[in-house]
Amino acid sequence: MLVQMLREIIQTPGISGYESKTRAKVIEWIEPYANYKVDTIGNLITELGEGEEKAIFMAHMDEIGLLITGITSDGKLKFRKVGGIDDRLLLGRHVEVITEEGTLDGVIGVTPVHLNIERKFDTIPWNALEIDIGAESKEEAEKMGVKVLDFAVFKKHFSVLNNRYIAARSLDDRFGVVALVEAIKDLVDHDLDGKYIFAFTVQEEIGLKGARFLANTYSPKYAIAVDSFACCSFLTGDVKPGNGAVIRAVDNSAIYTPSLARKTLEIAQKNNIPIQIGVTGGGTDASVFEAKSQTLALSVPLRYLHSEAEMLHISDLKALIKLIEALVFELE
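The number in this note's numbering is simply the position in the sequence shown, starting from 1, with 306 added.
Hints are computed from structural coordinates only; laboratory data are not their basis. One or more hints might be untrue.
In silico BS3-like cross-links for lysine-lysine, where the CA-CA straight-line distance does not exceed 30 Å [as the list claims (entries may be wrong)]:
#: 1; residue 1: 462; residue 2: 387
#: 2; residue 1: 327; residue 2: 343
#: 3; residue 1: 576; residue 2: 461
#: 4; residue 1: 343; residue 2: 598
#: 5; residue 1: 569; residue 2: 598
#: 6; residue 1: 461; residue 2: 327
#: 7; residue 1: 501; residue 2: 491
#: 8; residue 1: 501; residue 2: 576
#: 9; residue 1: 387; residue 2: 360
#: 10; residue 1: 491; residue 2: 387
#: 11; residue 1: 546; residue 2: 462
#: 12; residue 1: 331; residue 2: 501
#: 13; residue 1: 360; residue 2: 491
#: 14; residue 1: 461; residue 2: 527
#: 15; residue 1: 624; residue 2: 327
#: 16; residue 1: 576; residue 2: 598
#: 17; residue 1: 462; residue 2: 331
#: 18; residue 1: 343; residue 2: 501
#: 19; residue 1: 384; residue 2: 343
#: 20; residue 1: 624; residue 2: 569
#: 21; residue 1: 501; residue 2: 527
#: 22; residue 1: 624; residue 2: 331
#: 23; residue 1: 327; residue 2: 491
#: 24; residue 1: 462; residue 2: 491
#: 25; residue 1: 426; residue 2: 327
#: 26; residue 1: 360; residue 2: 598
#: 27; residue 1: 576; residue 2: 387
#: 28; residue 1: 576; residue 2: 343
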C-alpha cells in the first residue's frame, strides 16, 4: 500500500508554486476520511480534534524542478532552476514539460565526447543549457503547447530495490505527504485531547513560504515538520537507512527544541518504534515557528537527496508513521 501511494504521488508533478496536481492527489486520498481546506497561498490543511491548538505536523508538497523562461528561435526551451539543483545533474537528462495542454517529453542535451575537441569536461552552468522538445522553431514549440512559465521536472523512474528500498526523484518530501495521509486515516476516529493540524505545505523548496503563511494563522504548542534527513556522511554520523525514523535535532535552519527531541525519543522507545537521532544540513518548515512553538523535525534517512535517485528504506517510513501517531496520543 505504501509503495503504491509513493509511486502515485511521485509521478504527480508539482514544483514550488505549481503544486495544484499534487494537492489534488492528496485531496483524493483524504477526502473519504476527513474535512480539509485550502488557504490563500495553497496549503492543504486538515484539522482533527477540537479546542487548544496542540500540534501542527507539516509535510511539503512541492519538489525541485525547472521553470520555462523563454523559447529560442530554433525551438529550444530556456529555463531557470527552482530549488536546490546541482548543475551536474542537469546534463543529459530526460525531463517532462508540464503545459496547460498536457505533458511533453524533453531532453537536456550534451555535446558528444567525439566532438569535444578541447577535451574539457567542466560542469556546464544551468543558464547555458536548454531543453530540446523536438521542435525546430519557436512557432512549432508554441504550437506544441509550450509557453513561458510552464514548468519541467526530471522524468520519474520508480525503483524498488531488494524489496527494501524505494529509489525515485521527489521522495523529498512526498514520503512525508504519504506519512501524514496515513496518520490522518488512522487518527480520524479517535478522541484527541486538543486540535491537531496536518498541513501539506507549498513552496518549501524556495524558502519555506507555505509554512511562513501558516505561522501567521496557527500558534500550536508543538510545530513538527516531516521532511527529509539527508544522509549519509561524516556530518550525519551513525544515522543510516533501515535503522528507523529519525529525529532531526539540528540542521542549517534551526536547533530544534531539545526537550521535545528528548521527549520524542522517549516516546519512540516506549512504543518500540525504531528511532535514530542526528544532525544534517538544509532546513524545514518547523523552523519558522520557533518564536511561538516548541519545534522539531521528523524524518527518514534519505540517500542521494535532491537527485534523481533519492532512496529510502520502506521500514523507516512505517516507523515514522507510527511515531507521528504516538506523538499525537502521548505529547502533553
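Against the structure, the hints:
1. 462 - 387: 17 Å, holds
2. 327 - 343: OK: residue 327 and residue 343 at ~16 Å, within 30 Å.
3. 576 - 461: 42 Å, violated
4. 343 - 598: The hint holds at about 23 Å.
5. 569 - 598: 19 Å, holds
6. 461 - 327: 16 Å, holds
7. 501 - 491: 16 Å, holds
8. 501 - 576: Answer holds: residue 501 to residue 576 is near 24 Å, not above 30 Å.
9. 387 - 360: 37 Å, violated
10. 491 - 387: 35 Å, violated
11. 546 - 462: 24 Å, holds
12. 331 - 501: 24 Å, holds
13. 360 - 491: 19 Å, holds
14. 461 - 527: 40 Å, violated
15. 624 - 327: 25 Å, holds
16. 576 - 598: Status holds; Cα separation ~28 Å.
17. 462 - 331: 17 Å, holds
18. 343 - 501: Satisfied, since the Cα-Cα distance of roughly 15 Å is no more than 30 Å.
19. 384 - 343: With Cα atoms ~36 Å apart, residue 384 and residue 343 exceed 30 Å; violated.
20. 624 - 569: 20 Å, holds
21. 501 - 527: 10 Å, holds
22. 624 - 331: 21 Å, holds
23. 327 - 491: Holds, at about 21 Å.
24. 462 - 491: 27 Å, holds
25. 426 - 327: Measuring from Cα to Cα gives roughly 41 Å; hence the hint is violated.
26. 360 - 598: Satisfied, since the Cα-Cα distance of roughly 12 Å is no more than 30 Å.
27. 576 - 387: 44 Å, violated
28. 576 - 343: 34 Å, violated
Checked against the numbered hints above, the structure breaks hints 3, 9, 10, 14, 19, 25, 27, 28 and satisfies the rest.
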